[in-house]
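Protein chains in written order, with the working numbering: chain D, 1 to 306; chain P, 1001 to 1254.
Treat the hints with caution; some may be incorrect.
Said to hold, decoys possible - Calculated pairs, DSSO-like style, for lysine-lysine (alpha carbon to alpha carbon, straight line, at most 27 Å): (1) D:K76 / P:K1094; (2) P:K1246 / D:K156; (3) P:K1030 / D:K10; (4) D:K167 / P:K1003; (5) P:K1053 / P:K1016; (6) D:K76 / P:K1004; (7) D:K256 / D:K167; (8) P:K1030 / D:K113.
If you are wondering where the hints come from, they were derived from the structure by calculation, not from laboratory data.
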Amino acid sequence: MKNFIEIISKPDNVAIVIMMIMVLFFTILAFYYAISGDRRRSREVDHGMFPEHKADGNDEISPWDYAPSWPYLVRKEFLVAIIVVVFLIIWSIVLDAPLEEYPNPTRTPNPAKAPWYFLGLQEMLVYFDPWIAGVVIPTLIIIGLCLIPYIDVNPKGSGYYTWRERKFAISTYCFGFLLLWITLIVNGVFMRGPGWVWFWPWQEWDPHIVTAEINVDLPQIFGIDSRSLVGSVIGGMITLGYFVVGIILPYKYLKKRGSKILVELGILRYLIVVVLFLMMIGLPIKMFLRLVFHIKYIWVTPWFNI
Amino acid sequence: MIKKLFDKFRQTQIGKSIFRRNYTDTTKEKMLAIHGNIFLHLHPVNIRRGALKLGFTWAMGGITFLLFLILTISGVLLMFYYHPNTRDAYLDIKDLEFTVPFGMFLRNIHRWSAHLMVITVMLHMFRVFMTGSYKYPRQFNWVIGVVLLLLTLLLSFTGYLLPWDQLGFWAITVGTNMARATPLMGHEGPFGPELGMTAYNDIRFALLGGSEVGSNALLRAYIWHCIALPLIASLLMIVHFWRIRKDGGISGPR
Chain D
1 MKNFIEIISK PDNVAIVIMM IMVLFFTILA FYYAISGDRR RSREVDHGMF PEHKADGNDE
61 ISPWDYAPSW PYLVRKEFLV AIIVVVFLII WSIVLDAPLE EYPNPTRTPN PAKAPWYFLG
121 LQEMLVYFDP WIAGVVIPTL IIIGLCLIPY IDVNPKGSGY YTWRERKFAI STYCFGFLLL
181 WITLIVNGVF MRGPGWVWFW PWQEWDPHIV TAEINVDLPQ IFGIDSRSLV GSVIGGMITL
241 GYFVVGIILP YKYLKKRGSK ILVELGILRY LIVVVLFLMM IGLPIKMFLR LVFHIKYIWV
301 TPWFNI
Chain P
1001 MIKKLFDKFR QTQIGKSIFR RNYTDTTKEK MLAIHGNIFL HLHPVNIRRG ALKLGFTWAM
1061 GGITFLLFLI LTISGVLLMF YYHPNTRDAY LDIKDLEFTV PFGMFLRNIH RWSAHLMVIT
1121 VMLHMFRVFM TGSYKYPRQF NWVIGVVLLL LTLLLSFTGY LLPWDQLGFW AITVGTNMAR
1181 ATPLMGHEGP FGPELGMTAY NDIRFALLGG SEVGSNALLR AYIWHCIALP LIASLLMIVH
1241 FWRIRKDGGI SGPR
């Protein structure tokens, strides 16, 4: 526990603690607004106070909905600025930025960690090769984020907090942001010790700890050499099959239910949504396979391994 | 008393030349206070009441911009005391800590603002997502925002190396080692060696200006951090803020 307090009170890690508090607070706030807003809207619809057509943005806005920016906006900005600056001044007086010794290329610290906001990606290095964890995943995150407005065809929920009208979009985003991004950063900072070994808060960081892990490739479980042609083909089929099945099954399901969403999305948007979603879900799937079944690679080829 | 003196000063020849108008509490003057002020004219003259609620915006975008300004000012001050070479850099930071008046404070506020800015950018994005504010007609502004998020991370990343200590050195070493494995463009990535990539011509070499984190890498990090990235970020921020206005102001229920 002494060890954990030492880690948590490292100057840089104070920022992580602040991040955890802020993310928790604002997540609760957002969902509180979303759910109470949903309740209010359904009450107003029941009482005929909030006609549904108001939600699709065709209504005129009355001038009474507006306030002059001076002073109502400017004074709030000014107050927020003062509070933030005071907070930063106190933080900077109380806590000194870290400075370690002159760099020594022959003395690698253990654990050697990337800056804290990349620790989620560093965590992925446990489960994936560097070209996936360090290059493909961040590229896909950026591309995927950029695509969000173009693949979200739901016109509802623009400009107000809601859960009921955007369940899929919000749960997907929160899964990626809160679980895959924030949680993995926090784990990377506080739980990953020497040799990137998992240490619980009550455990001492022991650089000499030996963890016996025998990892196997997926085809090896069936007794097939994963490096042979057969093993490679099987691994490839499983990987590609995951995507093919993942694309076809929801399509069939939605078609059967006669869901409007397929028509609204169109085939190209549907493919983008599903492929991005499958890749995101692929991360926890691979994590699960590694942690529970000790699977190293699913697909081994002479050029790359997944 | 001060107000009286200030009002007197406004009536003098100099005062009249500085302030373009007298402020009286009328609707017209309220509008002109925004419209006729170079620093405030970015705001709309009138704003939807829903957009004023702190519960709606969390003020996260504004705080992020404020932090960018604080970082620019403290960063410029830090530049006065810093030489971007491996011989002086570390000692300059030591000087900031021990000999420069308020040097430690300057470094602290720069580092903590930087950490905080990464957090507020992520939360701003979270808020914009949760209120669905990226939807029509604001799609492209979200894309600019994503690029600004990336630039924020890169700004922080390049700044990490500048103190030239073990912490920054190894964080950047770990980070840039990823670039070795870039498919096609890294010498350890898939199809990299097949395309003739070595440690001396791949993308990591381009990032570091060498095959390891050394003086060239420090200089590159410095120039990206202090000049190139802030310029690109400023440019995109101009577009980001302008698009808010042009896309119909801050989002809200209609």
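Comparing the hints with the structure gives:
Restraint check for K76 (chain D) and K1094 (chain P): not satisfied, since their Cα atoms lie roughly 39 Å apart, outside the 27 Å limit. For a cut-off of 27 Å, the pair hint linking K1246 (chain P) to K156 (chain D) stands: about 21 Å separates their Cα positions. Simply put, K1030 (chain P) and K10 (chain D) have alpha-carbon atoms about 48 Å apart, too far for the 27 Å limit, and the pair is violated. Restraint check for K167 (chain D) and K1003 (chain P): the C-alpha separation of about 55 Å exceeds 27 Å, so the hint is violated.
Proximity of K1053 (chain P) to K1016 (chain P) is assessed by CA-CA distance (about 36 Å); at most 27 Å being required, the pair is judged violated. Straight-line distance between C-alpha atoms of K76 (chain D) and K1004 (chain P) comes to about 26 Å, which keeps the hinted pair within the 27 Å bound. With a C-alpha separation of about 21 Å, the suggested pair K256 (chain D) and K167 (chain D) falls inside the 27 Å cut-off, and the hint holds. With a C-alpha separation of about 52 Å, the suggested pair K1030 (chain P) and K113 (chain D) falls outside the 27 Å cut-off, and the hint is violated.
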